[in-house]
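My request is simple: use the sequences and hints to build the entire structure.
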Amino acid sequence: MSFDKKVTIAHLSDLHFASKNDRYLTARLDTMLGEFVRRKYDHLVMTGDLIDTASPALWTIIRDALVRHGLFDWTKTTVIPGNHDLIDLEEEMRFYNALNPDDRSRQHRVDDRLRQFNAIFRPLITDNGDALAGVPFVKVMRLGGISLSFVAVNTVDPWSGLDNPAGARGSVSPETLRALQEPGVRQVLDDTFIIGLCHHAYKVYGTGALVDQVFDWTMEFKNRDEYLKAMKNLGVRLVLHGHFHRFQVYQANGINFINGGSFRYSPERYGELVINADGRWSHRFVNLALKK
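The sequence shown runs contiguously to residue 292 in the UniProt record's numbering.
Rather than coming from a laboratory, the hints here were simulated on the basis of the structure. For every residue, glycine included, the Cβ atom is placed at its ideal position computed from N, Cα and C. One thing to keep in mind: the hints can contain errors.
What the hints assert, rightly or not - With a cut-off of at most 30 Å between alpha-carbon atoms, the simulated DSS-like pairs for lysine-lysine come out as follows: (1) K76 to K40; (2) K222 to K5; (3) K222 to K6; (4) K76 to K6; (5) K229 to K76.
Said to hold, decoys possible - Restraint ranges, calculated between C-beta atoms of paired labels, are given here: (6) S105 to G34: 36 to 46 Å; (7) D191 to K40: 34 to 44 Å; (8) G184 to E226: 16 to 26 Å; (9) V67 to R115: 33 to 43 Å.
This is how it looks when you write it as structure tokens:
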């Protein structure tokens, strides 16, 4: 699938592994990753919710699968976390946590899991052994004769009984937004095809219907317009995300957003992105013919 002066990227999202004993989903993931290797994709992107229960031990399912297929490599795979990776709803809704007025403890739990996520997946985040590297990050590579960069951010907000009762609302932190405005970031990205990576969806339903508005609120990317502005300022061409389990492509202010759907619920489907040397790109959703 790799041709001269082209980069091919496979996109998966929302795997939602809930147990190391889920042999069905593990087998499906092995099938999918094996197909990526067979088709010779240049890179794989996973946009969060790798697991379902925020148990760091389960991230090893993903890591080990990538290792088995020779994909646990900085040049071959990029991953970011989602809300189910960093928020344990059962833990947050325990009586003593839910009624604790100190929001800092909730943020601390998210930050602690993010540190553990970074530790497990650091070989995919940095290629120079930086022990402090983690999400958010900028990754610049040369693949297929093309300079490609990823701008990856964390959009997970801590649980809140009033503001985030399902743990599914999110935002990009003010610190990250400020960091993205630094001149050095733009300089690093110069002359590359820039792709944004986040978990939360810029668009959910957005129909105006009351029932959809309620769902939209629980899944909301709260400062999505600030994020969009930051991406525009950096020259981002498109954004890959997940969260809302729908395979779709849409636009916002000239930037294309690609929703990777959910591998757990559609383990035969993935996104394929092809980038040409002249900056043109194409995308399609691919369905594998899997045995039941």
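Consistency of the hints with the structure:
Distance hint between K76 and K40 is fulfilled; the C-alpha atoms sit about 11 Å from each other, no more than 30 Å. Between K222 and K5 the CA atoms are separated by roughly 38 Å; this puts the pair beyond 30 Å, and the hint is violated. With a C-alpha separation of about 35 Å, the suggested pair K222 and K6 falls outside the 30 Å cut-off, and the hint is violated. Taking the CA atoms of K76 and K6, the gap is about 15 Å. The hint holds against a cut of 30 Å.
Taking the CA atoms of K229 and K76, the gap is about 29 Å. The hint holds against a cut of 30 Å. Look at S105 against G34: about 42 Å separates their beta carbons, and that is inside 36 to 46 Å. In this structure, D191 and K40 break the distance hint of 34 to 44 Å, their C-beta atoms being roughly 26 Å apart. For the hinted restraint 16 to 26 Å between G184 and E226, the CB-CB distance of approximately 20 Å keeps it satisfied.
Between V67 and R115 the beta carbons are some 22 Å apart, a value that contradicts the proposed interval 33 to 43 Å.
Comparing the model with each numbered hint stated earlier shows that hints 2, 3, 7, 9 do not hold.
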